[in-house]
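Chemist: In case you want the letters, here they are:
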Amino acid sequence: MVAAGVLIASLRVNPYLYFAGYVIFQYIVIATAWNILGGYAGYVNFGTPAFFALGAYTAVFLIQSIRAPLPVLILAGGLVSALLGLGIGYLTLRLRGVFFSIATLALSIVLQTMIINWDYVGGSRGLSVIRPSSPPFGSYVTFLFTVMVFLAVVAVTAARFIERSWIGRGLAALRDNEEAAECMGVPTLRLKLFATTISGFLLGVAGAPFPYYVTFVEPNSAFNLDYAVNALAMPMIGGTTSWIGPVIGAVLLGSAQQLATVTISSEMNLFIVGVVLVAFVVLAPEGILGLVRRLRAR
Amino acid sequence: MFAWDLLANAVVAGLLLGGFYAAVSLGVSIIFGLLDIANIAQPAFLILGSYAAYVMNSTFGLDPILTGLLFTPVFYLLGAAVYRVYYGSFERRGEESLRGLVFFFGLLFIIEVSLSLKFGVDYRLVQAGYIGKSIEFAGVGIAYRLLVPCLVGLAMTLALHLFLGRTFYGRAIMAVSQDRLALRLMGANPVKIKTVAFGIGIAAASLAGALLVTITPVIPSSDRDYIGRMFAITVLGGMGSIGGTLVAAVILGVIESLMATFYGPSWSLAVSFGILLVALAVRPAGLFGR
Numbered sequence: 001m002v003a004a005g006v007l008i009a010s011l012r013v014n015p016y017l018y019f020a021g022y023v024i025f026q027y028i029v030i031a032t033a034w035n036i037l038g039g040y041a042g043y044v045n046f047g048t049p050a051f052f053a054l055g056a057y058t059a060v061f062l063i064q065s066i067r068a069p070l071p072v073l074i075l076a077g078g079l080v081s082a083l084l085g086l087g088i089g090y091l092t093l094r095l096r097g098v099f100f101s102i103a104t105l106a107l108s109i110v111l112q113t114m115i116i117n118w119d120y121v122g123g124s125r126g127l128s129v130i131r132p133s134s135p136p137f138g139s140y141v142t143f144l145f146t147v148m149v150f151l152a153v154v155a156v157t158a159a160r161f162i163e164r165s166w167i168g169r170g171l172a173a174l175r176d177n178e179e180a181a182e183c184m185g186v187p188t189l190r191l192k193l194f195a196t197t198i199s200g201f202l203l204g205v206a207g208a209p210f211p212y213y214v215t216f217v218e219p220n221s222a223f224n225l226d227y228a229v230n231a232l233a234m235p236m237i238g239g240t241t242s243w244i245g246p247v248i249g250a251v252l253l254g255s256a257q258q259l260a261t262v263t264i265s266s267e268m269n270l271f272i273v274g275v276v277l278v279a280f281v282v283l284a285p286e287g288i289l290g291l292v293r294r295l296r297a298r
Numbered sequence: 299m300f301a302w303d304l305l306a307n308a309v310v311a312g313l314l315l316g317g318f319y320a321a322v323s324l325g326v327s328i329i330f331g332l333l334d335i336a337n338i339a340q341p342a343f344l345i346l347g348s349y350a351a352y353v354m355n356s357t358f359g360l361d362p363i364l365t366g367l368l369f370t371p372v373f374y375l376l377g378a379a380v381y382r383v384y385y386g387s388f389e390r391r392g393e394e395s396l397r398g399l400v401f402f403f404g405l406l407f408i409i410e411v412s413l414s415l416k417f418g419v420d421y422r423l424v425q426a427g428y429i430g431k432s433i434e435f436a437g438v439g440i441a442y443r444l445l446v447p448c449l450v451g452l453a454m455t456l457a458l459h460l461f462l463g464r465t466f467y468g469r470a471i472m473a474v475s476q477d478r479l480a481l482r483l484m485g486a487n488p489v490k491i492k493t494v495a496f497g498i499g500i501a502a503a504s505l506a507g508a509l510l511v512t513i514t515p516v517i518p519s520s521d522r523d524y525i526g527r528m529f530a531i532t533v534l535g536g537m538g539s540i541g542g543t544l545v546a547a548v549i550l551g552v553i554e555s556l557m558a559t560f561y562g563p564s565w566s567l568a569v570s571f572g573i574l575l576v577a578l579a580v581r582p583a584g585l586f587g588r
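Protein chains in written order, with the working numbering: chain X, 1 to 298; chain F, 299 to 588.
Source of the hints: derived by calculation from the structure; they are not laboratory data. Worth double-checking, as some hints may not be accurate.
[What the hints assert, rightly or not] Facing chain F, from chain X, some residues (calculated, C-beta under 7 Å): (1) V44; (2) R94; (3) V98; (4) S101; (5) A103; (6) A106; (7) V110; (8) S165; (9) M236; (10) P285.
[What the hints assert, rightly or not] Selected chain F positions facing chain X (in silico; Cβ < 7 Å): (11) W302; (12) L396; (13) A568; (14) F571.
Even for Gly, the Cβ is constructed at its ideal location relative to N, Cα and C.
Bound-form chain F, shown alone (with noise of 0.2 Å):
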């Protein structure tokens, strides 16, 4: 007989994944996507992140969340001095693609193993009231823990969209990634625009660090697991459009969540990078791209 109900939590915990990985991936929407700047390091910011909610909430009791909202202004102008780094030796010299790729990958090795230098490999995690618990919905149990970074990965989401739309420098950095010289022309200053995207794309990057912790425990090298997850849900995603982030996202939590259920949770990692495979060759502009 089959499990229906196996099948039901799965999909459940799979659709909160999703709203997670969408939290994940925003950054790299903003910074692959908008910029077009390979940021490979991406998911070491997220790990940055989470370490940052751990040692808030170990030495102080903080709540992670809360921590990391508390540090995104701190990623933000880790990012911005990162893309300046970047821009000044890559970006003006025209051989961004190589070298830049090359640099970020770099970048992530340094800021991992900086941690396990100072944190060691030990899985660290976070004391928060909501973990631990959970609701149950008609035979399907909700866990706070799941629950909880799946809204604040929603309003994140909702907030990144809001502020694309509808602000001056959201719409400027749209414009940035459709036409460079039009916006020089403009009297704007592309680089002035893409280091506050870049800042952005770094923040959210943290603050989903935070959420990751509050999921699972994590490790210096639990970025490696999040590589293939941002780049896939971005390329189906269509590259920068937030919206797209958000249903591939979904899409990828819940076919990750169903392998873990029903094939046992070592295929799931190549799941994400399965379909960012397949995506890349079939349709590299995405689900949703122009």
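The following block holds chain X by itself, in its conformation from the complex (with noise of 0.2 Å):
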């Protein structure tokens, strides 16, 4: 990894590309993490931003309170968003469908209102974040890109896993018909606590650098409804039944996105997002994928 660090600082292209880089490998992340629990099982998570943000806070208190190196904060970061995706995997017992998704939308603004409350952590007005002065290699910038696309790697190495295994092809079947595959000796609660636990883990490691990454931390920038929507819609516009469909949809929406906000606004971007969303979610249904699979088919 270090030493893809260093070949990709030595690089000299635009810093801002570094920049813009960051998020849209940070929106591979998100778009896979979602898309184990939202494309693979079938329940649709509007609660990405309690995730991604619990990830980030979790970061801001342990640089607060011990200055902790970064991969400790990303591993924290992880375990503790994995505990609160194992505990709304606990709610599908008796939450399905349009219930769950209501429930982690609520989920996210409650936990927004708690940190809002916890002046530790900044409570409304923000933190600042101070960047440890030296990277290990090149700007921080550079590093913070690094560790994403290393991040990017992992989740989607480990979302190509989980869909070729048995555990895929247990969701799958969860997500076509629960009490079928119940019947047929699926262990479906086990395996809905696999997809909420490592969805939420992915979430929170997604959410771990942005500390340093803006270092200025409020919780509306963290808890960003923007995530919420961004997260479904890019492997919705990827394809949502394989690991390539939410890296397509990422890289294609989040470049749009960030060439959208560099050259007509940043509301412009969401809107955008909302229309790309709703035009194929009637017109094309099965995502990108679902549109290359029907010309080939011709």
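Starting from the two chains in their separate frames, assemble the complex, guided by the hints.
Modeler: So, in structure tokens, the structure goes:
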């Protein structure tokens, strides 16, 4: 990883590209994590911001208290979010479909209120985070970019592994018909808990480097509902049934948004996400992967 | 010493707020409770109604609540159109749950962002004769700004209750929520009835939006504050019971008002979502569920 980082840092390109690239790779992690639960298991999670921000705020807490190094922050952020994931996994025992989705949305707002009222991590005013003085290589943004690329590779590899193992087949079975799957002996609860936990872990991991990236953390940016809409728009656009779908969606939509932010306005990019999402879900419900498959079949 | 007058004021404000919350939630009670369509975009139509009232108020000086009433046919047609798209794209294909949810979520964002592109993110408010005035009653202040929306909310609740129980279309809507096949066998067209119901739900939301902008200034992202409230009230009220919606709305209004008075307003939002989470986890059928 260090070698790759040194290589990336030695490329003489516009530093802004790393800054924008970080966001795109962050979205690859988020979209992939969302898809493990949403795409494979069919449980739509609107609470992505809760998990992302929990990762970010775990990191803030550890920076504030013991100035922990970045790998520790990432691991801790992931674990705390994984615990929350396990919690909502048990929620699926009682809540299915729409009710589960609404509950996750509620969870996100409740958590945001708690953070707003917790002054140690900045409360509603936010908190400035000072980056460590010397990164292992390159500038700090280059370093963070490399870390995020690494995390994206880990997330996508994990998703690909899950998809192709018996776990993925079990999740697909419960997505199509939970009762039938249970009757056939698929351990649905254990599979759902696994999916929510791993999805939560990866979302937390994506959020943990966030404080160092923005250097100023406040609840509105960490709990931004944009993460919720992007997390589900990207897999929906790419295609939810395969690990490559979220990656395609994240790269396309992520780059489009970065471009729109620079050239038009940051509000315009959300507009684009909304329109593209609705257009895809109405016209091409299987996403880009589905379109490609249909073209091939001809 | 315990501040009794503070408590009395908070309870009265909460009761008034409850009447308004009932107006906000009626649309969800119909669309989600009766039709079983998870229209997450409902709060966006609420804010759209607020902005309609704001525009008419600032350009023509029209009363916001009157504007809200005048605009209900427009929103009814808008709602009917949205339902047609939803039906054609999802319900007919039997893919309503997952993709339909995403569709409405996208719609929520499109409306919200369109509003902020058009009007910016400044707070917008309306002018009317009764805003800012209040009456005192035994040491408890009642602001007209809250009283008027509460009364309109109660009127809306009563009107919908009568509509659903007494008229042909109202009864058909109740029937479509219970047994679609039986309705079809009786010679009625469920899609047409659901279109009517969806339109009424959206129109109710837009009128509630006019009430909202009377109570407090709005920004395009105000809709997010109401997602939790609407669904909490609907679930707590027993999914589609109009009377239950009113009771749940008043309960939520009082609790929120007490929280805001004694612990600070930053907690009041968490209350509705907290109640929603508990209600969903413990008793999804609500207080008055069948």
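Chemist: Now tell me, hint by hint, if it's right for this structure.
Modeler: Going down the list of hints, with the structure as the test:
The beta carbon of V44 of chain X comes within 6 Å of a beta carbon in chain F, closer than 7 Å, and the hint placing it at the interface holds. A cut of 7 Å between beta carbons decides the hint on R94 of chain X: the least distance to chain F is about 6 Å, and the hint holds. For the restraint placing V98 of chain X at the interface with chain F, the shortest Cβ-Cβ distance is roughly 4 Å, inside the 7 Å limit, so the hint holds. Look at S101 of chain X: its Cβ gets to within about 6 Å of chain F, closer than 7 Å, so that hint holds up.
The restraint placing A103 of chain X at the interface with chain F holds, with a minimum CB-CB distance near 5 Å, inside the 7 Å limit. Checking A106 of chain X against chain F: minimum C-beta separation of about 4 Å stays under 7 Å; hint holds. Annotation: V110 of chain X was flagged as interfacial toward chain F, and the flag holds, the nearest CB pair being 5 Å apart, inside 7 Å. The restraint placing S165 of chain X at the interface with chain F is violated, with a minimum CB-CB distance near 23 Å, outside the 7 Å limit.
The restraint placing M236 of chain X at the interface with chain F holds, with a minimum CB-CB distance near 6 Å, inside the 7 Å limit. The criterion of a C-beta within 7 Å of any C-beta in chain F is met by P285 of chain X, whose closest approach is roughly 6 Å, and the hint holds. Hint status for W302 of chain F relative to chain X: violated, with the closest Cβ pair at about 27 Å, above 7 Å. Look at L396 of chain F: its Cβ gets to within about 6 Å of chain X, closer than 7 Å, so that hint holds up.
With its C-beta approaching chain X no nearer than about 4 Å, A568 of chain F sits inside the 7 Å limit, and its interface hint holds. Because the closest C-beta pair between F571 of chain F and chain X is about 4 Å apart, less than 7 Å, the hint holds.
Figure legend: structure checked against the earlier numbered hints; hints not met, in rising order: 8 and 11.
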